[in-house]
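S.K.: Protein chains in written order, with the working numbering: chain A, 65 to 275; chain B, 65 to 275; chain C, 65 to 275; chain D, 65 to 275.
Keep in mind the hints are simulated off the structure, nothing from the lab.
Any given hint might turn out to be false.
Chain copies aren't distinguished; within one or between two, either way the pair holds.
[As the list claims (entries may be wrong)] Straight-line Cα separation of at most 20 Å, EDC-like style, residue types lysine to aspartate or glutamate; simulated pairs: (1) Lys-253 with Asp-107; (2) Lys-231 with Asp-241; (3) Lys-108 with Glu-252.
There are 4 protein chains.
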Amino acid sequence: MKIALINENSQAAKNAVIVNALKTVAEPLGHTVFNYGMYAAEDKAQLTYVMNGLLAAILLNSKAADFVVTGCGTGMGAMLACNAMPGVFCGLVIDPTDAFLFGQINDGNAISMPYAKGFGWAAELNLQDVYRKLFEGERGLGYPKERAAIMAKNRGILKDVKAASCKDLLTVLKTVDQDLLKAAVAGEKFQEYFFPNCQDQAIGDYIKSIL
Amino acid sequence: MKIALINENSQAAKNAVIVNALKTVAEPLGHTVFNYGMYAAEDKAQLTYVMNGLLAAILLNSKAADFVVTGCGTGMGAMLACNAMPGVFCGLVIDPTDAFLFGQINDGNAISMPYAKGFGWAAELNLQDVYRKLFEGERGLGYPKERAAIMAKNRGILKDVKAASCKDLLTVLKTVDQDLLKAAVAGEKFQEYFFPNCQDQAIGDYIKSIL
Amino acid sequence: MKIALINENSQAAKNAVIVNALKTVAEPLGHTVFNYGMYAAEDKAQLTYVMNGLLAAILLNSKAADFVVTGCGTGMGAMLACNAMPGVFCGLVIDPTDAFLFGQINDGNAISMPYAKGFGWAAELNLQDVYRKLFEGERGLGYPKERAAIMAKNRGILKDVKAASCKDLLTVLKTVDQDLLKAAVAGEKFQEYFFPNCQDQAIGDYIKSIL
Amino acid sequence: MKIALINENSQAAKNAVIVNALKTVAEPLGHTVFNYGMYAAEDKAQLTYVMNGLLAAILLNSKAADFVVTGCGTGMGAMLACNAMPGVFCGLVIDPTDAFLFGQINDGNAISMPYAKGFGWAAELNLQDVYRKLFEGERGLGYPKERAAIMAKNRGILKDVKAASCKDLLTVLKTVDQDLLKAAVAGEKFQEYFFPNCQDQAIGDYIKSIL
């Protein structure tokens, strides 16, 4: 699985801790981690949590990433921004049980975590545990497993409702403030990571056109 | 403020505990609580968490409610469903500090809470503390207050992005599975609470037309 | 390692869930679990959290057990009772990171957990994660490992201070209310589990004398 | 009530945040806060968590303080050290509900909190909420109140058991490593705060004799 990490400006200084925890867990499980940044508070390309949502939507809808790990100070802003986007189902995950249940019951394609609130000493241990619960096995099996069918059914209905509610991503990209969009894809490594992995010609072309 | 409580089927049995905690806190603060149910597991009108999202969107977009309190087993499904809807900004809130920060920083119009995961003995105390942090003072003041302006600016940008991303609610209501929509508004008290408080003629008329 | 599980009366009904989680994790790691009960709310032998402390002290000081897993509604009472006893160093553990840090930094011989407060749906997942963090590797290695020496030194000082503060267990057993003591060792399986594993003649003899 | 704050060396840098939160809540409620330090990481008088336990015991047993607020990185070490001492009943408190239940059910005379683990941004909000739950009303009323009598009874039994288990404090003070004891009372403000409030001549005299 291709896992994209996206950090916004308020917690950018923790990017190294987060990507280290994520790689430590995900790479031995056979996943690839793409660190889209931000990498440090003083990065030229500054992402706000709203841009995190846009970027997550671009990566997931174009299949440049299979899963997005994002967050902000409380995790709430990045979660709201992600879930405002078509095709993004982003959980707010705080502890390993949250991660497991989100993976098995909701089977979304993104998580947002708090990297400031509750993020104290030894928080890297919790990060690793959370990532392990998400990435070590198959997701979407339900919990308890006897309820897998009804859980899958509700996920399908939610997907349909969200499809009815949101415009397609290309339309969204063309409609949103274009400066905001440009800022969302201005990260130092964005082009290196995105274009070789993008599997949607139209989205890729549009992003190219605004760079 | 008009506060609507919406519970889905898996945790319907806890509706009495939840509404009691909510009223205990919110009514002395001058708010009015509308308990849209479900009221008990065996209610004739069964709400799934996806329907919670639809119902929340109807209440908020029509201004029949100013704030929605919802949830499900983990809070995640109801949160995803709410945030899939236009005009709904739903936080996932677990503890009082979450509630306070969501109110001050994100200033959304809905919260989803876990009513099964982590919901053990004395959980009614946490419910009351959460509601108090949300409803006792002005929201949207920022935390820390020195950062109020930048926080308000980001909220505005998120609102614009979500407006670009979502169709208007009337379109959504007409597009979604009409049986799902009917089920979402089938609650025993829905008509009694909704129609006198609905302030959007078009939404009200459309709901009437499908009953 | 010989791990003893002790539940008090208010949460006795959860004994099956707890012992199942404990055995699921600990037995494949090579540990043996002794379920000292209570086993159900209506057990003839009723343990209060204070008795949990007495029983834990008997098991640990006699080396009939190497580690005690106990708790109560909030975990607090059983923790206080355990730590009131000589030779017992009991952590209050809520999440997997607590468990890991307690094992590595404090390296005590008992944990108390809340089995009512915060103990909701899917709590068995957290139990398993906690037990795994405690029992899967070596304890007392420090975290971070660079601070292992200072952490070990402080543990040693704490042990000395507690030795100065508490009377030896045999004296305590002879001094406490003898009906309380009898009740603490009245569990259905106590004699079957305790006597073959007890490695302290004097403690064993005294317990025999009061049965 | 006289509330004593005691911080150990690993989290000494947070003393200002903690005492500020404690005074903000406790003083308007009519309590007096004595900040026994440490005050900063580089203080001449360095307290370890084991010394926190000794100091807490001196303050509580001499009635120089009615309640002790202490802690360490995880809260566990300071809690273990406090509970190793005669006459100290120290809860490990993480959230406001813990605080409330500890106050109502266990009615101890000390709390230990984690000031590193889980202590992230906005943690001062949780501190205030915790202190409020502890100090704003009467403690020991039970929760639920219908169970007050049985809860009080168990507290009494625990007190008796601990009295049987521990030596009296004066004996402990004379028995422990005298350098450790000297270090525990070496804080810059100790003498100023302790002697005028100490209500136990023998403890006071012994402390004087070792200064």
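S.K.: The structure should be examined with respect to each hint, and the outcome stated for every one.
M.R.: Hints and how they fare:
1. Lys-253 with Asp-107: Within. Shortest intra-copy distance 12 Å satisfies the 20 Å Cα cut-off; inter-copy 46 Å does not.
2. Lys-231 with Asp-241: both (16 Å within a copy, 17 Å between copies)
3. Lys-108 with Glu-252: within (8 Å within a copy, 47 Å between copies)
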